[in-house]
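Number of protein chains: 4
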Amino acid sequence: MGNSIGKLFKLTTFGESHGLALGGIIDGCPSNIKIDLDFVQSELDRRKPGQSKIVTQRKESDEVKFLSGIFEGKTTGTSIGFIIENENQKSNDYDHLKDTFRPSHADFTYDQKYGNRDYRGGGRTSARETVNWVVAGAIAKQIIPEIKINAYVSSVGELEIDKPYQEVDFNLIESNPVRCPDVEMAAKMEDYITKIKKDGDTVGGIITCVIQNVPIGLGEPIFDKLHAQLGKAMLSINAVKGFEFGGGFSSTKMKGSEHNDLFNEDGTTKTNLSGGIQGGISNGMDIYFRVAFKPVATLLQKQDVLTNDGKIIEQQGKGRHDPCVVPRAVPIVEALAAMVLVDFTLMDKVYRNY
Amino acid sequence: MGNSIGKLFKLTTFGESHGLALGGIIDGCPSNIKIDLDFVQSELDRRKPGQSKIVTQRKESDEVKFLSGIFEGKTTGTSIGFIIENENQKSNDYDHLKDTFRPSHADFTYDQKYGNRDYRGGGRTSARETVNWVVAGAIAKQIIPEIKINAYVSSVGELEIDKPYQEVDFNLIESNPVRCPDVEMAAKMEDYITKIKKDGDTVGGIITCVIQNVPIGLGEPIFDKLHAQLGKAMLSINAVKGFEFGGGFSSTKMKGSEHNDLFNEDGTTKTNLSGGIQGGISNGMDIYFRVAFKPVATLLQKQDVLTNDGKIIEQQGKGRHDPCVVPRAVPIVEALAAMVLVDFTLMDKVYRNY
Amino acid sequence: MGNSIGKLFKLTTFGESHGLALGGIIDGCPSNIKIDLDFVQSELDRRKPGQSKIVTQRKESDEVKFLSGIFEGKTTGTSIGFIIENENQKSNDYDHLKDTFRPSHADFTYDQKYGNRDYRGGGRTSARETVNWVVAGAIAKQIIPEIKINAYVSSVGELEIDKPYQEVDFNLIESNPVRCPDVEMAAKMEDYITKIKKDGDTVGGIITCVIQNVPIGLGEPIFDKLHAQLGKAMLSINAVKGFEFGGGFSSTKMKGSEHNDLFNEDGTTKTNLSGGIQGGISNGMDIYFRVAFKPVATLLQKQDVLTNDGKIIEQQGKGRHDPCVVPRAVPIVEALAAMVLVDFTLMDKVYRNY
Amino acid sequence: MGNSIGKLFKLTTFGESHGLALGGIIDGCPSNIKIDLDFVQSELDRRKPGQSKIVTQRKESDEVKFLSGIFEGKTTGTSIGFIIENENQKSNDYDHLKDTFRPSHADFTYDQKYGNRDYRGGGRTSARETVNWVVAGAIAKQIIPEIKINAYVSSVGELEIDKPYQEVDFNLIESNPVRCPDVEMAAKMEDYITKIKKDGDTVGGIITCVIQNVPIGLGEPIFDKLHAQLGKAMLSINAVKGFEFGGGFSSTKMKGSEHNDLFNEDGTTKTNLSGGIQGGISNGMDIYFRVAFKPVATLLQKQDVLTNDGKIIEQQGKGRHDPCVVPRAVPIVEALAAMVLVDFTLMDKVYRNY
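Chains as they are written, first to last, in the working numbering: chain U, 28 to 381; chain C, 28 to 381; chain B, 28 to 381; chain E, 28 to 381.
Because the hints were derived from the structure by calculation, they are not lab data.
Be aware that one or more of the hints could be misleading.
Repeated chains share a single entry, so a pair holds when one copy, or any two copies, can fit it.
[Unchecked claim] No more than 20 Å apart at the CA atoms, straight line, and that leaves these computed lysine-lysine pairs for PhoX-like:
1. Lys345 with Lys80
2. Lys376 with Lys34
3. Lys190 with Lys92
4. Lys282 with Lys215
5. Lys222 with Lys86
6. Lys225 with Lys175
7. Lys329 with Lys34
8. Lys190 with Lys75
9. Lys329 with Lys282
10. Lys338 with Lys222
11. Lys297 with Lys282
12. Lys125 with Lys101
13. Lys225 with Lys80
14. Lys345 with Lys224
15. Lys215 with Lys80
16. Lys215 with Lys61
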């Protein structure tokens with residue numbers, strides 16, 4: 028279970044990194060939406076391996092094939108099926124994993140839970156799954172074109188941008204392989220990742236996401252609050268360890284008299300420590316949040332692993348992996364955010380001021 | 028929509044702070060569970076207003092009345108209905124809110140979304156709703172008595188415990204009104220909250236939660252990962268702005284070679300930066316996470332508010348409110364964690380190594 | 028599990044016939060709906076025991092108490108909690124059932140499944156549960172006042188009206204205790220039920236339901252077809268054994284050239300063997316269906332029952348029961364139909380020609 | 028919405044009859060189930076067009092391709108993706124339908140609801156969708172091999188078997204193209220269908236389904252009763268107009284003293300008018316139900332149709348269609364029944380006598 032996200036705009040996915048294909052079904056996409064297929068592909072290309080020297084050199088064309096639900100360029104209101112075929116599998120690279128469990132990987136937990144696993148390339152636990160999310164996110168973005176979603180890398184290891192998002196030029200995000208809109212910092216991050224990669228090591232980082240031009244009213248309290256669904260979506264991404272929105276953890280140190288966002292007469296607020304959400308419902312101000320990624324567990328170093336029969340052995344990491352996932356995770360964060368926003372946009376059509 | 032949490036152990040709730048009663052229905056509670064009603068009440072008492080000088084002095088007996096689903100002391104497998112009657116409503120205290128929107132409250136967003144709201148005491152947005160969660164959590168805890176859940180206050184404003192949870196004595200949590208297991212720090216926090224209260228101000232804080240003795244295998248990837256559901260549940264609590272588990276945000280600064288949790292031969296790990304969860308599934312190690320609470324928005328000071336007709340006026344905050352919510356939120360965090368764990372425990376009965 | 032119906036207009040219920048109360052929560056009711064509470068009570072009165080000589084003589088005031096979600100006469104968009112207290116329980120009447128299983132009752136299956144049951148008055152299996160449905164149905168009707176729902180008794184045992192619904196005067200439905208709009212036939216049915224009752228026996232019957240003024244477009248294929256959800260709802264009523272809509276079982280004997288509903292130029296059809304639904308979506312014509320009720324299993328005769336320890340003994344039926352449920356089931360059929368229609372009306376706001 | 032069936036064993040589908048492929052995702056299939064792929068294909072072959080002279084002569088190989096979730100012959104507990112490519116599309120056959128609505132088809136309602144439709148071959152409304160159900164049903168059957176599901180044609184038009192299922196030899200079902208186990212009647216039905224086909228007309232019929240060796244306890248009251256879910260599933264099949272189980276509509280004419288199923292000492296019953304289900308839960312006796320199919324709407328005759336711009340014109344039906352769907356619907360009925368039974372089997376693992 029658990030292979031679906033969303034209630035009205037619902038994505039269900041399948042696929043292992045070394046199976047024939049990954050894919051998904053979008054149920055609940057409204058009809059009559061013009062779909063720009065090139066845009067979908069361009070979003071996939073942003074996530075694709077092999078884009079730059081600092082990401083995995085695996086070669087995948089990652090071409091999505093839509094099988095239903097789009098007719099003469101528009102959605103029909105029926106379910107949208109799609110697949111992305113796997114091409115560049117080097118399954119032999121993973122033979123050494125058949126009987127071993129890597130530290131901080133899901134190998135062990137899947138094996139214990141299911142008693143059975145496709146060990147090749149991580150199987151279902153591989154972040155290759157996120158290719159499905161990017162497809163659905165690219166459809167979602169086309170349903171709510173007025174809402175602007177920009178994610179970017181705000182830290183890699185200890186290196187971080189120390190200015191608020193309001194001072195960031197989103198146009199610079201795609202100007203460098205790190206997807207950090209501070210060009211100087213981006214260069215430092217790139218150097219650092221290159222160095223980490225040479226060591227066969229990995230490093231974590233933080234992605235900041237900003238959502239602008241959001242209508243007032245998205246979110247369904249009590250248990251489907253807008254920020255709670257965004258948080259859950261982000262925590263679904265491989266390697267994510269934390270989520271905060273608005274003031275986040277730093278709010279805990281503040282007094283109410285400092286933290287409260289005083290109103291302007293038009294209902295906007297002078298500050299926005301709330302992060303654009305009050306009581307689980309968007310208030311029309313910018314939504315912003317930060318997503319914490321741990322370093323990737325797969326090292327291209329020697330490391331102690333656990334064997335099926337309960338021994339610890341040393342094993343050399345192999346395969347093609349990212350030294351730092353945050354650059355490639357930027358479009359993934361955006362895709363999930365877009366899906367959540369569409370879901371609540373559809374829900375709001377039902378309940379808004381009936 | 029959105030008034031339900033859980034898939035197999037499912038709580039649906041209702042209630043406004045100044046209505047006749049709050050309550051809920053638990054659907055999916057297994058049969059033949061012996062229910063200790065005194066325990067349920069004792070959990071409610073931990074959440075109750077008026078327990079100490081540093082919390083709101085509202086008086087509510089908060090007695091839960093079970094209406095169905097429990098027969099001769101045991102659950103019957105049918106839905107469990109319960110109500111908690113409201114007693115100490117001083118609705119007149121809220122007349123001034125009828126036509127105004129307080130900063131950083133949900134007044135404005137509810138009004139915009141629904142075009143209609145029960146303004147008395149915050150209505151549905153009041154944290155009084157959490158009384159329902161504590162009831163369901165107290166039932167949940169009795170389904171999984173082997174799993175130990177301990178939450179505690181780890182920071183209030185700038186004051187924080189700087190030792191890991193492993194060095195904390197959980198027996199001291201209830202020894203002081205702050206629910207901080209470091210007794211010296213607890214005294215400082217209490218003084219600080221008392222001072223803040225005198226100023227009519229409020230302050231934020233952090234709750235740490237530790238879950239021990241968890242079986243391997245709880246969690247349903249891809250989109251119902253154990254930590255993602257915990258995160259979503261915690262982000263549902265009023266005033267929560269962030270969630271992190273295991274290494275959390277500090278993991279982002281680490282290298283993989285530092286962060287990876289090496290195995291012991293028995294499948295346990297030497298470190299636990301993963302926080303007891305790999306790939307969304309519990310690995311048998313302790314689960315631990317931190318929840319960030321902003322300062323309560325309601326101040327007993329003068330503050331600018333927005334009126335219905337778009338003017339900014341100064342208004343004196345009234346009513347009985349907590350200067351710092353984290354002490355009373357401790358049982359709420361535990362209750363939600365218990366519900367999430369039961370939900371996955373039931374799910375695991377279906378899918379575990381079939 | 029299973030105590031909820033609906034996806035956007037969702038009712039979750041609880042309650043045993045001899046517990047303190049029954050009740051429910053409606054999640055997803057739109058805001059700003061004016062609620063006529065007297066109408067809700069009048070619908071409950073139609074379902075109430077003791078209305079006439081041919082129904083059970085149990086005395087229950089069946090007063091609904093709304094606890095939340097309605098403020099100053101209008102819905103607020105938050106969840107609506109309600110309870111109906113039990114009053115006239117004669118639990119001792121059921122002591123003989125503690126250790127026995129009645130034929131064609133759910134005693135045996137509940138006991139086997141849950142290993143535990145509230146045997147008093149049938150517990151959760153009692154049709155007293157339907158009081159919750161009538162409350163929710165009465166709210167639902169007020170959301171879609173333009174849609175007209177009329178159910179009536181079309182057969183009792185072998186006695187049946189042999190004219191199509193188009194020739195029936197719905198104004199006569201409430202003119203007699205059987206709720207059969209053919210007054211002459213109603214008198215025969217009443218006599219027959221009276222006779223059956225004297226014998227301590229029971230009898231089945233059929234309810235026909237007609238829904239008029241339905242907008243085109245309600246229903247969500249593939250698996251949430253309008254007629255499939257209506258069918259499922261009706262099959263949820265105690266004692267129901269069958270459901271057919273439009274031509275129903277008689278369609279099976281027809282040729283396509285006879286059965287097809289030819290169009291008029293305005294999109295209406297000349298005949299309506301389709302029963303107002305094409306491909307699972309309403310086509311704007313009248314929806315009509317028939318619901319088959321078996322005779323009530325509880326007889327006030329001697330009957331062989333099974334004991335807990337596997338013996339067959341003779342037992343005299345006791346308690347206050349209906350000799351024929353169809354008259355009291357009429358408002359229940361309508362209530363479920365109203366809930367299904369509202370659910371699809373809300374869904375259609377999302378997906379209709381976006 | 029509405030493209031999913033099941034709660035724990037959940038099938039979500041996509042596909043139009045003239046798109047690239049149909050397919051689905053099974054979420055919630057337990058791990059470690061050995062899957063016989065030849066059996067899956069053999070079930071598809073039972074549903075396939077072109078099997079005999081009395082069904083549509085369209086040629087489709089209907090080969091299923093599994094893309095995930097099965098590894099080394101066993102399920103892994105992850106989602107199972109599959110596709111069936113379309114091959115024998117003659118889309119030009121449907122050009123005449125672009126601007127017209129056929130009587131008793133979903134053309135009109137889809138167009139009104141979605142404002143957009145793939146008119147080729149019925150698009151999403153085509154019964155070709157059921158190919159997905161047969162795949163999922165064939166997986167489901169392998170999870171519960173002990174439960175025996177047999178469906179057969181019991182009537183075609185006025186021709187019907189007049190003996191109870193207990194007297195039927197299920198081994199004869201596949202002995203003839205009609206799938207009627209009464210060989211003499213089967214011959215008559217075949218002749219009749221052949222004649223109807225020559226006339227370019229169609230005819231309805233009834234399928235009876237018998238489920239044997241069902242464990243006690245399947246079904247989740249109140250709103251997920253076993254028979255209600257079976258009913259809903261059957262009502263999802265194209266052309267179905269009615270569903271009855273156990274005594275069905277004939278129960279309405281009976282007295283309780285005739286209808287009640289008296290117990291044997293072992294908990295079985297002497298009669299089984301209940302149809303193996305009490306209170307929505309299986310009681311261990313045979314489950315049996317009947318499904319009513321109307322005649323197919325597409326005639327290969329001239330017929331009046333409605334045009335997009337509101338005119339009635341005469342149109343000659345074209346394409347390759349079944350004169351009577353019941354023979355090919357037999358494996359579809361079984362597939363849906365298998366899915367429903369697996370869903371409740373998994374649910375029962377959670378709740379059965381905890």
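Hint-by-hint comparison with the structure:
Taking the shortest alpha-carbon separations for Lys345 and Lys80, only the intra-copy value of 18 Å comes in at or below 20 Å, while the best inter-copy value is 58 Å. Both within a single protomer and between protomers do Lys376 and Lys34 lie at most 20 Å apart by alpha-carbon distance, with minima of 14 Å and 15 Å respectively. With identical chains, the CA atoms of Lys190 and Lys92 are never at most 20 Å apart, being 41 Å at best within one copy and 51 Å at best between copies. In this homomeric assembly, Lys282 and Lys215 come within 20 Å of each other (Cα to Cα) only across copies, at 16 Å, whereas the closest approach inside a single copy is 36 Å.
Taking the closest pair of Cα atoms, Lys222 and Lys86 never come within 20 Å of each other, the shortest separation being 22 Å inside a single copy and 59 Å across copies. For the identical chains of this complex, Lys225 and Lys175 are neighbours neither inside a copy (37 Å) nor across copies (43 Å), given an alpha-carbon limit of 20 Å. Taking the shortest alpha-carbon separations for Lys329 and Lys34, neither the intra-copy value of 44 Å nor the inter-copy value of 42 Å comes in at or below 20 Å. In this assembly of identical chains, the alpha carbons of Lys190 and Lys75 never lie at most 20 Å apart, being 29 Å within a copy and 41 Å across copies at closest.
In the homo-oligomer, the alpha carbons of Lys329 and Lys282 lie at most 20 Å apart only across protomers (15 Å), although the nearest pairing inside one protomer, at 49 Å, exceeds that limit. In this assembly of identical chains, the alpha carbons of Lys338 and Lys222 never lie at most 20 Å apart, being 32 Å within a copy and 57 Å across copies at closest. With identical chains, the CA atoms of Lys297 and Lys282 are at most 20 Å apart within one copy only, with a shortest distance of 17 Å there and 39 Å across copies. Within a single copy, Lys125 and Lys101 get their C-alpha atoms only as close as 45 Å, which misses the 20 Å cut-off; across copies the closest is 16 Å, which meets it.
Taking identical chains as interchangeable, the C-alpha atoms of Lys225 and Lys80 lie at most 20 Å apart only when both belong to the same chain, with a minimum of 11 Å there against 58 Å between chains. In this assembly of identical chains, the alpha carbons of Lys345 and Lys224 lie at most 20 Å apart only when taken from the same copy (13 Å versus 58 Å across copies). In this assembly of identical chains, the alpha carbons of Lys215 and Lys80 lie at most 20 Å apart only when taken from the same copy (14 Å versus 52 Å across copies). In this assembly of identical chains, the alpha carbons of Lys215 and Lys61 never lie at most 20 Å apart, being 41 Å within a copy and 52 Å across copies at closest.
In terms of the numbered hints stated before, the structure departs from hints 3, 5, 6, 7, 8, 10, 16, listed from lowest to highest.
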